[in-house]
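Chains as they are written, first to last, in the working numbering: chain A, 1 to 111; chain B, 1 to 488.
There may be inaccurate statements among the hints.
Stated by the list, open to error - With a straight-line Cα cutoff of 30 Å, these simulated DSS-like cross-link-like pairs (lysine-lysine) come out: (1) A/Lys-109 to B/Lys-484; (2) A/Lys-111 to B/Lys-33; (3) B/Lys-437 to A/Lys-111; (4) A/Lys-110 to B/Lys-5; (5) A/Lys-110 to B/Lys-313; (6) B/Lys-484 to A/Lys-111; (7) B/Lys-33 to A/Lys-109; (8) A/Lys-109 to B/Lys-473; (9) B/Lys-88 to A/Lys-110; (10) B/Lys-313 to A/Lys-111; (11) A/Lys-111 to B/Lys-357; (12) A/Lys-109 to B/Lys-313; (13) B/Lys-360 to A/Lys-110; (14) B/Lys-360 to A/Lys-111; (15) B/Lys-473 to A/Lys-111; (16) A/Lys-109 to B/Lys-279; (17) A/Lys-109 to B/Lys-420; (18) B/Lys-484 to B/Lys-439; (19) A/Lys-111 to B/Lys-88; (20) B/Lys-437 to A/Lys-110; (21) A/Lys-110 to B/Lys-473; (22) A/Lys-110 to B/Lys-439; (23) A/Lys-109 to B/Lys-357; (24) A/Lys-109 to B/Lys-360; (25) B/Lys-313 to B/Lys-33.
No lab work stands behind these hints, which were simulated from the structure alone.
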Amino acid sequence: MVISLFTVALIVFVLACFVGYHVIWGVTPALHTPLMAVTNAISGIVVVGAMMVAGGAVEVASVGVGGYIITSEQAAFYAKVIGAVGVFLASINIFGGFVVTNRMLAMFKKK
Amino acid sequence: MAELKTFLSPYLTGDVFALVYLVAGILFILGLKGLAHPSSARRGNNFAMLGMFIAIMVTLFHPQITDYMWIFVPMALGALVGVPIALKINMTAMPQLVAILHSFVGLAAVLVAAGMFLPFQPQLINPEGVVSEGVLPQLSTATMIEIFMGAWIGAITFTGSVVAFAKLNGNFRSAPITFKGQHLLNLAIFVAMIYFGVYFAMYQSVEAFVVMCALAFLLGFTLIIPIGGADMPVIVSMLNSYSGWAAAATGFTLNNMQLIIAGALIGSSGAILSYIMCKAMNRSFISVVLGGFGADDDPAASERASAVEKGVKAAAVEDAGYMLENAESVVIVPGYGMAVAQAQHALKEVSEILEEKGVKTRFAIHPVAGRMPGHMNVLLAEADVPYDRVEEMDEINSDFSQTDVVLVVGANDVVNPDAKEDPSSPLYGMPILDAYKAKMVYVVKRSMSSGYAGVENTLFYMDNTYMIFGDAKEIAENLSSSLKGTAH
């Protein structure tokens, strides 16, 4: 009996939702704006997908396709452009999100 | 880099990657956990940054990534754009920043989906290089569905966030835009989008992919235009949630657990924040999403207004100053008006002078004050108000009856007693700050205009309430100079 990768992913996803639920309820309401800013930064993790596309690794990422090599150089080029734009956008999120979160959190001081 | 990669390659199996991504995922969880308290929050942010650093580094070692120029250059450009904005952005403008950052994630998710799929269609991009059938590998239907999910959630997040940004930033009127058959139109677009998505997944059709994306972009736009300014905290949270689901869908496409974990965390975070905001406004999520709130004048409002005694008492700043410094305890209730007037620094001055005079001074924050969750807390923190002087609604509500003076600055609906006492009020049922229970209330306001809900505020007409009309910042500044003056 073999479990498909999709099922494993689904299990991880559901469990992560539960973890998220419990962790987020523990966040103090005073820090809800920094929470949104840091989740913004974390959502920049799509950079990983964009890096795969930009770096020319898409065919590996698709399950069941195996060692297909893109025959058309142009197709690969367009994929890289698409991926690079993705990397650019996600990077704005990562750098902007973490820096602004840090800036905000530094403001919260105790008397 | 290349030598290092060659050296390490025998050790870098898929399992090793998965385990490193797991470590990064745990660091994200610890990062969010740190936000449980301001004292641990910065450490948490550092954990999250470390997690991101590890995730990016290990991805660079992915054996199939061969071209680094296309990664490093856009990443450096992203940093060059993101960091200066993050350093300069005014805290009042945080909701706009968050909204526009959501849109970037959405668009990036669409691009990843497109990038996953298009290279398998070389004949489309290069008509001469048609690959004979059978050579072109087919993506599995499951992968196609995942690509479709990532693309449409990302596309809705993108245009929806752009509209939210434009509304928050004032480029687009923030009042709801409604028309007949709006919901029917949205439903039609949604159904068509799903149809083309399924068609795309079944036949791997590029055309269907493009049409599906176009419809999703359109839907993001039409979904957000009917939503008014006061509901923005919910919408910003909702789009936060969408950006997480988009990342998770991308993770399914790539079978990348890190993306799935991060996406699930963000998705839950946004969903919980939306829930908290809805609860604090006593609105159902559905009614917020359907929009239109705050558009029409409340017909019953005028009746109620005439029912209450029309006597509004105005007070001078000096009177308020006298009452404040002779009080034992003072609570300041800031609202979005404080943010608009940039009055937080002047208010902090006032609170400090009062503290020096031995008056116990605290700030009370309603969950939906401002344009995003926790907006007021950040503005007060920016003005150096210590966070232990800032109280949430549940913590402070029982104290209002023992409070001598409440100073309401730029808040309206969140202190309207009708929400508790008048079942005919549109606000009825919404939890409020019980400012009206205090011995004396001063309301700083530009005019007698009603709040976002378009409802008259009975608090303004109560016996113990005095209005101070004018700009919040000017009044707060006058207040602190008048308080200082009497100290001589």
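Subject >> Distance restraint between B/Lys-33 and A/Lys-109, which requires alpha-carbon spacing of 30 Å or less >> reply: Holds, at about 19 Å.
**OP:** Quickly compare the C-alpha distance for B/Lys-88 and A/Lys-110 to 30 Å and report which way the hint goes.
**Re:** It holds: about 24 Å lies between the C-alpha atoms, which stays within 30 Å.
Original post:
Hey, A/Lys-109 versus B/Lys-473, does the alpha-carbon distance stay inside 30 Å?
Top reply: holds, 23 Å
**OP:** Please work out if A/Lys-110 and B/Lys-473 have their alpha carbons no farther apart than 30 Å.
**Re:** holds, 24 Å
Original post:
For the pair supplied as a hint, B/Lys-360 and A/Lys-110, is the alpha-carbon distance within the 30 Å limit?
Top reply: holds, 16 Å
Original post:
Can the restraint linking A/Lys-111 and B/Lys-357 be considered satisfied, given a maximum Cα separation of 30 Å?
Top reply: Holds, because 16 Å separates the two Cα atoms, which is no more than 30 Å.
Original post:
Would the pair A/Lys-111 and B/Lys-88 pass a check requiring their Cα atoms to be no farther apart than 30 Å?
Top reply: Distance ~26 Å between A/Lys-111 and B/Lys-88 Cα, so the pair holds.
**OP:** Would you check the hint for B/Lys-473 and A/Lys-111, treating anything up to 30 Å between C-alpha atoms as holding?
**Re:** holds, 24 Å
**OP:** Take the C-alpha atoms of A/Lys-109 and B/Lys-484, compute the straight-line distance between them, and say whether it is at most 30 Å.
**Re:** Judged against 30 Å, a Cα distance of about 25 Å means the pair holds.
Subject >> Pairwise hint evaluation, B/Lys-313 against A/Lys-110, where the allowed Cα distance is 30 Å at most >> reply: Not satisfied, since the Cα-Cα distance of roughly 37 Å exceeds 30 Å.
Original post:
Is the hinted pair A/Lys-109 and B/Lys-313 satisfied, with a Cα-Cα distance of at most 30 Å?
Top reply: violated, 38 Å
Original post:
Does the structure keep B/Lys-484 and A/Lys-111 at a Cα separation of 30 Å or less?
Top reply: holds, 22 Å
Of the numbered hints given earlier, the model fails hints 4, 5, 10, 12, 17 and 25; all others are met.
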